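If you read the protein sequences in the order shown, they are chains A and B.
Residue numbers for the first sequence follow my numbering, beginning at 1 and rising by one.
Residue numbers for the second sequence follow my numbering, beginning at 1 and rising by one.
Bear in mind the hints are in silico, worked out from the structure with no lab data behind them.
In this text the structure is predicted, and so the values were computed from the model without any measurement.
Glycine is no exception: its CB is placed at the ideal position from the N, C-alpha and C atoms.
Derived pair list, reagent style EDC-like, types lysine to aspartate or glutamate, alpha-carbon separation capped at 16 Å:
#1 A:K49 - A:E64
#2 A:K49 - B:E101
#3 A:K49 - B:E100
FRET-style restraints, in silico, Cβ to Cβ:
#4 B:T5 - A:S12: 31 to 39 Å
#5 A:K58 - B:L39: 27 to 35 Å
#6 A:N41 - B:T14: 20 to 28 Å
#7 B:L39 - A:L20: 21 to 29 Å
#8 B:A38 - A:I60: 20 to 28 Å
#9 A:Q45 - B:I12: 22 to 30 Å
#10 A:N41 - B:L114: 15 to 23 Å
#11 B:P70 - A:L20: 42 to 50 Å
#12 B:D62 - A:G96: 17 to 25 Å
#13 B:T9 - A:G8: 27 to 35 Å
#14 B:P70 - A:S12: 47 to 55 Å
#15 A:G53 - B:E52: 31 to 39 Å
#16 B:R15 - A:L109: 33 to 41 Å
#17 A:V29 - B:E54: 18 to 26 Å
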Amino acid sequence: AQSVTQLGSHVSVSEGALVLLRCNYSSSVPPYLFWYVQYPNQGLQLLLKYTTGATLVKGINGFEAEFKKSETSFHLTKPSAHMSDAAEYFCAVNTGFQKLVFGTGTRLLVSP
Amino acid sequence: DAGVTQSPTHLIKTRGQQVTLRCSPKSGHDTVSWYQQALGQGPQFIFQYYEEEERQRGNFPDRFSGHQFPNYSSELNVNALLLGDSALYLCASSLVTGAEETQYFGPGTRLLVL
Numbered sequence: 001a002q003s004v005t006q007l008g009s010h011v012s013v014s015e016g017a018l019v020l021l022r023c024n025y026s027s028s029v030p031p032y033l034f035w036y037v038q039y040p041n042q043g044l045q046l047l048l049k050y051t052t053g054a055t056l057v058k059g060i061n062g063f064e065a066e067f068k069k070s071e072t073s074f075h076l077t078k079p080s081a082h083m084s085d086a087a088e089y090f091c092a093v094n095t096g097f098q099k100l101v102f103g104t105g106t107r108l109l110v111s112p
Numbered sequence: 001d002a003g004v005t006q007s008p009t010h011l012i013k014t015r016g017q018q019v020t021l022r023c024s025p026k027s028g029h030d031t032v033s034w035y036q037q038a039l040g041q042g043p044q045f046i047f048q049y050y051e052e053e054e055r056q057r058g059n060f061p062d063r064f065s066g067h068q069f070p071n072y073s074s075e076l077n078v079n080a081l082l083l084g085d086s087a088l089y090l091c092a093s094s095l096v097t098g099a100e101e102t103q104y105f106g107p108g109t110r111l112l113v114l
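Just chain A, same shape as in the assembly (with noise of 0.2 Å):
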């Protein structure tokens, strides 16, 4: 079965550093991978993923990721936080039909 593993539930940050989320994955075929932000109280907004090809990927606000299969790795990154980046963070894996498997999710804070 597919599964995704996120590594710390807490990441902290000042403003301006640099976020790194990470996000080791299982899978016997090649996967489909997606990073997903929530706001308090909101919805999953995606913010990138990774599907065929070029393996690393950039996504919205700034955010990208890179696909290692060597490391069965998908970490997000962010060269610089900002206030507004904190969040919660999921990364998931697709099992099939469109069926995403979620991992437990990392809490984003950034402090001035």
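Since the structure of chain A is already known, use the hints to place chain B on it.
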């Protein structure tokens, strides 16, 4: 272009009652999936509807049922509510074309069971 909409936004029920949640997909989308997100957890897949049929189902009991209408909107029904059913229920819509397709989520319905 309206995105995915859900109603109601909040709901309070008591144990043993039944609840119906509603979802209208993004314009042009034909597939609707439902997820349950307990507090502090990631969303869990409940089931998915396409062409008015349940196409696949997650590990949820039969108390959870659904329906899709000809206009692609969908309902989620939960019978015999338990305290553990308290959660945010998310609806997502997409095109059926492939697994790489993006699912667009609605704002959710927050259900509290007392």
